[in-house]
Structures are given as C-alpha cells and as structure tokens.
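Asker: Residues per chain are reported as follows:
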Amino acid sequence: MLTEAQAWQALDAVEDPEIPVVSVTELGIVREVVAEGDALRVVVTPTYSGCPATELIAESIVDALKAAGAGAVTVETRLSPAWSTDWIADDARAKLRAYGIVPPQSAAPGGGQVVRFMSRTLPCPRCGSTRTTRLSEFGSTACKALYRCEDCREPFEYFKPI
Amino acid sequence: MGAQMTMQTTPEHLEYVLRLGDAALIHGQRLSEWCGHAPVLEEDMAMANMALDLIGQARLLLTHAGKLEGQGRDEDALAFLRHEGQYRNPTLCEMPNTDFAHTIVKAFLLGSFNLLLWERLGGSGDAELAAIAAKSLKEARYHAEHTGDWVIRLGDGTEESHRRAQAALDVLWPYTNELFAPNATDDAVSAAGIGPAWAELAAEWEAAVLPVLKAATLTVPARTPFQSYGKFGRHSEYMGHLLAHMQHLPRSFPGATW
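Sequence lines, in order, name chains U and A. Quick note: the first sequence uses the numbering used here, first residue 1, plus one each step. Quick note: the second sequence uses the numbering used here, first residue 1001, plus one each step.
Simulated from the structure, these hints should not be mistaken for laboratory data. It is possible that some hints are incorrect.
As the list claims (entries may be wrong) - Selected chain A positions facing chain U (in silico; Cβ < 7 Å):
no.	residue
1	Asp-1044
2	Met-1045
3	Leu-1052
4	Ile-1055
5	Gly-1056
6	Gln-1057
7	Ala-1131
8	His-1146
9	Pro-1182
10	Ala-1184
To be verified - Sample of chain U residues lacking proximity to chain A, with all beta carbon distances greater than 10 Å (derived):
no.	residue
11	Asp-12
12	Val-21
13	Lys-66
14	Trp-87
15	Arg-93
16	Pro-123
17	Arg-126
18	Glu-137
Claimed, not checked - Sample of chain U residues at the chain A side, in silico, Cβ under 8 Å:
no.	residue
19	Gly-50
20	Ser-80
21	Ala-142
For every residue, glycine included, the Cβ atom is placed at its ideal position computed from N, Cα and C.
When you get a sec, could you build the whole thing from the sequences and use the hints?
Answerer: What follows is the structure, given as structure tokens:
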C-alpha cells in the first residue's frame, strides 16, 4: 500500500504521452490523490474534451501506482473547474521550451472573448528571433498552435493558453 | 447522478441536453470528413482538431443525457443506435461540406453561436451541464477565432474565394433561422434556470457575426420565413447518408471496442 505522498511521487514519473518531457502532475492534470484504506482514488481533469491521450493517461496512472505498490486504484474524472494552462508548473514551462514548444505565454483569457488575427510576439524556441508568424490556431495536438520563425525558417509549436 | 439527485429531470431538460449533444456530434462528424482531404495540411489538422473537441463535448453531453434519461443508455447507444428522427441537432450542423468555403462559413456561424451558448450555460442550474459548458467555452473560443479569420481571408481574398464564400453564405444563412426559433422546450428550460432559450442569443450572435461578414466583404442575405426543423427530429436529405456512414461500424459489429 502507498501513502498519498508516495503516490504523488510515483505520479511525478508519469509522462504525458504526447509531450513526453513533462509529467501529468506538472501539467496540473492530477488534482487530488486520496488514500481510502488500502485503495487510492486519483482525481484527474482532462485538458481538452476530445484529447485522445486522456484514456491512456488514466491507464498510465493506474499502472504507475500499481508498480509502486498500490492496492486498488480508481481514476475519477472531474470537469469543474475546467483545466487551465495556468496550472502548468514553472519547471514544466522551461522543459517545454527546451523541447521546442513555446509554453503558454499569458494567463488564459476568460469568457467568450475572441481576439481576431491575434499578433502575439512569440520568441522562436530555436533561434530566439521574435519575427514569428502564426500558421494555424491548431497544431499536431489539440493543445498547440502552429507557428513559423521568419529568420531561421523553422516551424515550431505554441502551447496555447486556455 | 448529481443532476438527478438535485433536480427532477423534465422531458424538456433531456431534450435540451440532447440538442446540445447532437449538435456537437453531427457538426464534429462533418468536420472529421475533412481529415486527409483539406486543401492544405495546416487546415487538415485544424479541421481534425475542431472535430475532436466537438466529439469530446458530444461524449460528455450524451453521457449526461443518458443519465438524465435514466434508461441505461450510454454515450455510444445515444450516438450510434438512434434513428434519424431521434436526433435533435439543428439542420445547419448536418449540411454537407461541399467545399472548404462552405465548411468554414458553417463552422463560423455555429462556432460563434456556441461561444455565446457555452458562456450562458456556465451559469446553468444543472451543475454537470455548467461544468461541460465551462470546459467547452475554452475550446469554442479557438473555433470561432480560427474560422472567423478564414471567413475574412476567403471573403476578402481572390475573386474565386469571394465567390465561393458568398455562395456558401447564401446557402447556409437561411438555416440559422432555426437556431433562434422559439419553442416550448426552450421556454421550459429557460424558466427552470437550466439554460437560455436560444432565441435570447439572437441579437448578441448577430452583433458577433455581422462585423466579420462585413470585414469579409460578404453580402448578408435578407431574412426569409424559411424554417428548418432538425431540432425537432425532421432532418434534411443529407442526414440519412451522414448517419449511414457514422453508424455503419457499431451497427455491423454490435458491442465492438477498440
């Protein structure tokens, strides 16, 4: 059996399947770990409604906790409050940048506001140039937008704030 | 479960949640048809991403509808095993993709509507629906933004892109009447504090949509008395084909899982 602290430690090693440099705890997906006798209950909040990684993450959490010696493990999904990129840990932001993904720059905008033809100044994660252009609001996964650096001409991704 | 314990489920409440779930499902299904076919790779990814968000929202909404109904139907039973007349999406959602301009104009009109709807539903008296709305709002903002940018790019683009965007708007605009048509379900749900009557959103929606269409140099068609009735289960000729495609696998292999 595992204590809650040991469980959190085990979860620190569970990587996000699509961005394998940050853990599910660093992303702020794991909201709560509750020991109930020998059993553990883990509360997770999905990033995007349709994120295909959600089910794999739940399985990885169960596997990691069992491997660390946990008894029964249940994973519970909690929708409210909705996940926000503001919950991503500071260490994880540095890891994202080193991996080539620009971390979410500002606090997530609230409500229904729409900013059309948004021109954020995003520094290229490779050469540091700020002459960058957004190619699409959607990238290789639901959570990222696609940009291009006008100086080194390399494409890069931006973890968009929600 | 929570919703069942805190409030009595009325048929109108269930109907309202089904409309939301089916709108997300059918709009998402249509967008997913672009996967591998979009004019450029970036838009292929954008269409697939929006489709994923919408189908994710549909899963949450249909799961909730199944609980409200209390007959043991899960998201899959509701998504795949109903007949055409039992789907409650507005007809606009099922309109065919036709070309990229049609899809963009449709996704913009619907996306701008969803943005307003999710914002209002964040304060729903149905706690589960409020939670789904708060999550969906964050996604809908990017959909409205992306498709709005493209409406301007196409409308104010080349002669050919303008012609296609205008043709799309001319076809699709009359179907937006249905979004705002008053009906008894909306009245009951609004009175119960579960969600807005969609007609309440008409003015705000026009205020959001018209400036973008203007910037796109598109001419907004005059309002006509035309009404479609998808919300009431009376669908267009396109719906049966869409369902045949969408339901084929789960109906051919009942209970199949990945």
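Asker: For each hint, tell me whether it holds in the structure or not.
Answerer: Here is what the structure says about each hint:
Hint status for Asp-1044 of chain A: violated, given a least beta-carbon distance of 10 Å to chain U, over 7 Å. Contact between Met-1045 of chain A and chain U, as hinted, is supported at the beta carbon level, the nearest pair being about 5 Å apart and thus within 7 Å. Interface hint status for Leu-1052 of chain A: upheld, as the beta-carbon distance to the closest one in chain U is roughly 3 Å, under 7 Å. Taking 7 Å as the C-beta contact cut-off toward chain U, the hint placing Ile-1055 of chain A at the interface holds, the least distance being around 5 Å.
For the restraint placing Gly-1056 of chain A at the interface with chain U, the shortest Cβ-Cβ distance is roughly 3 Å, inside the 7 Å limit, so the hint holds. The interface hint given for Gln-1057 of chain A holds, since its Cβ lies 5 Å from the closest Cβ of chain U, which is under the 7 Å cut-off. Given hint, Ala-1131 of chain A at the interface with chain U, holds; its Cβ is 4 Å from that chain's nearest Cβ, closer than 7 Å. The restraint placing His-1146 of chain A at the interface with chain U holds, with a minimum CB-CB distance near 4 Å, inside the 7 Å limit.
Nearest Cβ of chain U to the Cβ of Pro-1182 of chain A: about 23 Å, over the 7 Å cut. The hint is violated. Interface hint at Ala-1184 of chain A: violated, since its Cβ lies 27 Å from the closest Cβ of chain U, which is beyond the 7 Å cut-off. Residue-level check passed: Asp-12 of chain U sits 25 Å from the nearest beta carbon of chain A, beyond 10 Å. Against the 10 Å criterion, Val-21 of chain U stays outside the reach of chain A, whose nearest CB is about 21 Å from its own CB.
With a cut of 10 Å on Cβ distances, Lys-66 of chain U stays outside the contact zone with chain A, its closest approach being about 22 Å. Every C-beta of chain A lies more than 10 Å from that of Trp-87 of chain U, the closest at about 13 Å, which supports listing it as non-interface. Listed as outside the interface, Arg-93 of chain U is consistent with that label: its C-beta sits roughly 19 Å from the nearest C-beta of chain A, beyond the 10 Å cut-off. With a closest Cβ-Cβ approach of about 21 Å to chain A, Pro-123 of chain U is found to remain outside the 10 Å limit, as its non-interface label requires.
Once the 10 Å rule is applied to beta carbons, Arg-126 of chain U is consistent with being away from chain A; the minimum gap is 19 Å. At roughly 4 Å from the closest C-beta of chain A, the C-beta of Glu-137 of chain U falls inside 10 Å, breaking its exclusion from the interface. For Gly-50 of chain U, the interface hint holds, the least distance from its beta-carbon to any beta-carbon of chain A being 3 Å, beneath 8 Å. With a cut of 8 Å, the hint placing Ser-80 of chain U at the interface with chain A holds, because the nearest CB-to-CB distance is about 4 Å.
Taking 8 Å as the C-beta contact cut-off toward chain A, the hint placing Ala-142 of chain U at the interface holds, the least distance being around 5 Å.
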